[in-house]
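Each chain, letter by letter, is given below.
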Amino acid sequence: MTKNKNIGLALAVLIVAGGLYYLLWGAASRDSAENPEAVPTQVNTRITFAGSSIVEEKDGKKLWELKADTIETDIDGKTAYLKNLQGTLYQDKGGKVDLLALQAQVDMKTHDITMQGDVKATSSDGAVFTAPEARWEGVPKSFSGTGGVTLTRNNTVITGDTIKTDEKLEKVRVSGNARVITGGEK
Amino acid sequence: APQSAGKTPVEIVADSIDYDAATGIMNANGTVRITQGEAVMTGARAQYDTKKQEGHLTGGVNAVNQDTTLNAAEIQTYNNNTHLIAVGDAILTKGDKRLSGPTVEYFADKQYALVPERGKIEMPDGTMTADKIEAFIQENRAVGTGSVHIVSEARKLDATSNTATYYGEPKGQSKVILSGNAYAVQDGNILTGDTLTLRLDEKAMDAQGGRTRLVITPQ
Chain Y
1 MTKNKNIGLA LAVLIVAGGL YYLLWGAASR DSAENPEAVP TQVNTRITFA GSSIVEEKDG
61 KKLWELKADT IETDIDGKTA YLKNLQGTLY QDKGGKVDLL ALQAQVDMKT HDITMQGDVK
121 ATSSDGAVFT APEARWEGVP KSFSGTGGVT LTRNNTVITG DTIKTDEKLE KVRVSGNARV
181 ITGGEK
Chain D
1 APQSAGKTPV EIVADSIDYD AATGIMNANG TVRITQGEAV MTGARAQYDT KKQEGHLTGG
61 VNAVNQDTTL NAAEIQTYNN NTHLIAVGDA ILTKGDKRLS GPTVEYFADK QYALVPERGK
121 IEMPDGTMTA DKIEAFIQEN RAVGTGSVHI VSEARKLDAT SNTATYYGEP KGQSKVILSG
181 NAYAVQDGNI LTGDTLTLRL DEKAMDAQGG RTRLVITPQ
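Protein chains in written order, with the working numbering: chain Y, 1 to 186; chain D, 1 to 219.
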């Protein structure tokens with residue numbers, strides 16, 4: 001099932017990519033044929049989708065959904081580039097994690113997501129993870145953040161240079177200047 | 001007024017910390033420092049239960065709270081870190097007193113410390129060793145139980161008994177009450193009896209109950 005799903009996803013991207021590629025490339029080459037003096041412009045190697053989303057599903061169940069102001073992909077469709085990401089990671093037992101980041105890249109093969117710029121992940125049970133840079137990996141499902149990270153859960157605040165946590169932001173390893181404040185009034 | 005211990009947050013700093021929110025257990029490694037109010041504990045490693053507010057530090061552990069210091073190979077804390085059990089060359093220091101033994105149990109709230117075996121307490125007045133020593137810190141009082149031996153260089157005193165209670169208060173009137181096979185030598189004079197009271201500042205001894213024997217050595 002996973003293979004069909006991936007192929008489905010990839011196909012969707014390719015068809016769209018191919019269509020727009022023809023549009024963009026076709027226009028550029030027709031210009032230079034009709035107008036020999038026209039300086040061949042640098043062909044935009046990325047295709048831009050305005051106001052779209054990327055979804056990963058497995059066995060008909062949504063794993064994650066990423067929305068963004070703009071989504072660009074390389075011609076070969078290997079990487080998607082998102083601006084002003086708003087995403088949701090869906091957990092097995094019904095919980096979810098909402099994602100925000102100024103920009104992100106999705107590896108269309110591994111479906112790992114790297115994020116930069118005010119990254120914020122909020123789990124449905126109230127844990128909040130913030131970092132300048134972060135990465136979501138699908139296998140095993142895990143989050144990692146670098147550059148000075150904070151994870152807050154109830155009356156426990158964890159900070160450090162780098163952090164690695166499971167998909168539910170529950171099991172956490174913080175390394176480098178690791179600091180936890182816990183207890184006290186909620 | 002200072003925040004009650006129950007509400008005082010705990011800060012844990014280390015090279016790395018693993019935390020499981022489901023169990024509430026934290027494992028800290030490398031230059032660990034746990035701070036709660038004025039109490040600071042340091043060690044090489046620590047496991048801390050954020051739900052029970054209990055910790056277990058190992059690796060050259062030092063715990064300081066105002067003028068009380070506890071050193072040991074490892075320290076386990078209970079009851080929101082107000083009850084500490086120090087194991088492995090444990091030494092509790094408070095002001096000019098030093099209580100030591102393989103294990104020292106310290107109750108910060110009650111200002112009470114217990115050395116359950118091979119205890120030793122060193123004070124300006126002298127040193128007491130015993131199978132078990134209890135220190136009632138606020139009252140400046142210590143009780144030795146089993147094989148009590150007291151030595152005071154300052155007072156040229158050497159005494160033994162089954163049990164002994166040292167009273168450091170009131171100032172200038174410190175005394176030791178020896179009970180059971182009490183034997184005391186001071187400046188060469190020997191006093192034995194069932195119960196002996198040694199008034200340390202006045203360099204006086206008196207005996208109560210049972211057969212008493214005094215041997216005076218001409219100076």
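Don't read these hints as lab results, they were simulated from the structure. All of these numbers come straight from a predicted model, not from anything done at the bench. Some hints could be false.
[To be verified] Think about it this way: if two alpha-carbon atoms lie no more than 25 Å apart in a straight line, the pair counts; the simulated SDA-like pairs of lysine to any residue are:
#, chain 1, residue 1, chain 2, residue 2
1, D, Lys51, D, Val40
2, Y, Lys164, D, Asn189
3, Y, Lys164, D, Lys51
4, Y, Lys96, D, Asp20
5, Y, Lys164, D, Lys156
6, Y, Lys171, D, Glu54
7, D, Lys171, D, Arg211
8, Y, Lys67, Y, Ile181
9, Y, Lys171, D, Lys120
10, D, Lys51, Y, Asp125
11, Y, Lys164, D, Gly24
12, D, Lys51, Y, Glu170
13, D, Lys51, Y, Thr159
14, Y, Lys164, D, Lys175
15, D, Lys156, D, Phe107
16, D, Lys51, Y, Lys67
17, Y, Lys96, Y, Asn84
18, Y, Lys171, D, Gln47
19, Y, Lys164, D, Asn140
20, D, Lys51, Y, Thr150
21, D, Lys52, Y, Thr150
22, Y, Lys171, D, Thr31
23, D, Lys52, Y, Asn84
24, Y, Lys96, D, Asp18
25, D, Lys97, D, Lys52
26, D, Lys51, Y, Gly138
27, Y, Lys96, D, Thr23
28, D, Lys52, Y, Gly60
29, D, Lys52, Y, Asn154
30, D, Lys51, Y, Asn84
31, Y, Lys171, D, Lys156
32, Y, Lys164, D, Asp18
33, Y, Lys141, D, Ile25
[As the list claims (entries may be wrong)] Residues of chain D placed beyond 10 Å of chain Y at every Cβ, according to the derived structure:
#, residue
34, Ser16
35, Gln53
36, Asp67
37, Asn71
38, Thr82
39, Lys94
40, Thr103
No residue lacks a Cβ here, since even glycine has one placed at the ideal position from N, Cα and C.
Structure-based check of each hint:
1. D:Lys51 - D:Val40: Answer holds: lysine 51 of chain D to valine 40 of chain D is near 19 Å, not above 25 Å.
2. Y:Lys164 - D:Asn189: Judged against 25 Å, a Cα distance of about 72 Å means the pair is violated.
3. Y:Lys164 - D:Lys51: Answer holds: lysine 164 of chain Y to lysine 51 of chain D is near 22 Å, not above 25 Å.
4. Y:Lys96 - D:Asp20: Holds, at roughly 18 Å.
5. Y:Lys164 - D:Lys156: violated (64 Å)
6. Y:Lys171 - D:Glu54: holds (19 Å)
7. D:Lys171 - D:Arg211: violated (31 Å)
8. Y:Lys67 - Y:Ile181: violated (34 Å)
9. Y:Lys171 - D:Lys120: violated (44 Å)
10. D:Lys51 - Y:Asp125: holds (17 Å)
11. Y:Lys164 - D:Gly24: Status holds; Cα separation ~17 Å.
12. D:Lys51 - Y:Glu170: It holds: about 15 Å lies between the C-alpha atoms, which stays within 25 Å.
13. D:Lys51 - Y:Thr159: holds (19 Å)
14. Y:Lys164 - D:Lys175: Distance ~60 Å between lysine 164 of chain Y and lysine 175 of chain D Cα, so the pair is violated.
15. D:Lys156 - D:Phe107: violated (33 Å)
16. D:Lys51 - Y:Lys67: violated (38 Å)
17. Y:Lys96 - Y:Asn84: The given pair, whose Cα atoms are some 19 Å apart, holds under the 25 Å limit.
18. Y:Lys171 - D:Gln47: Status holds; Cα separation ~15 Å.
19. Y:Lys164 - D:Asn140: Given pair lysine 164 of chain Y, asparagine 140 of chain D is violated - Cα atoms ~50 Å apart, limit 25 Å.
20. D:Lys51 - Y:Thr150: Between lysine 51 of chain D and threonine 150 of chain Y the Cα gap is close to 20 Å, so the pair holds against 25 Å.
21. D:Lys52 - Y:Thr150: holds (23 Å)
22. Y:Lys171 - D:Thr31: Judged against 25 Å, a Cα distance of about 22 Å means the pair holds.
23. D:Lys52 - Y:Asn84: Roughly 41 Å separates the two Cα atoms, so the pair is violated.
24. Y:Lys96 - D:Asp18: holds (22 Å)
25. D:Lys97 - D:Lys52: Distance of about 32 Å is beyond 25 Å: violated.
26. D:Lys51 - Y:Gly138: With Cα atoms ~31 Å apart, lysine 51 of chain D and glycine 138 of chain Y exceed 25 Å; violated.
27. Y:Lys96 - D:Thr23: Roughly 20 Å between the alpha carbons, so the hint for lysine 96 of chain Y and threonine 23 of chain D holds.
28. D:Lys52 - Y:Gly60: Judged against 25 Å, a Cα distance of about 42 Å means the pair is violated.
29. D:Lys52 - Y:Asn154: holds (15 Å)
30. D:Lys51 - Y:Asn84: violated (38 Å)
31. Y:Lys171 - D:Lys156: It is violated: about 62 Å lies between the C-alpha atoms, which goes past 25 Å.
32. Y:Lys164 - D:Asp18: Measuring from Cα to Cα gives roughly 9 Å; hence the hint holds.
33. Y:Lys141 - D:Ile25: Answer holds: lysine 141 of chain Y to isoleucine 25 of chain D is near 21 Å, not above 25 Å.
34. Ser16: violated (4 Å)
35. Gln53: violated (6 Å)
36. Asp67: At roughly 24 Å from the nearest Cβ of chain Y, aspartate 67 of chain D sits farther out than 10 Å, so the non-interface label holds.
37. Asn71: It holds; asparagine 71 of chain D is separated from chain Y by about 24 Å at its closest Cβ, greater than 10 Å.
38. Thr82: Threonine 82 of chain D clear of chain Y: closest Cβ-Cβ about 13 Å, beyond 10 Å.
39. Lys94: Holds, since 26 Å exceeds 10 Å.
40. Thr103: holds (27 Å)
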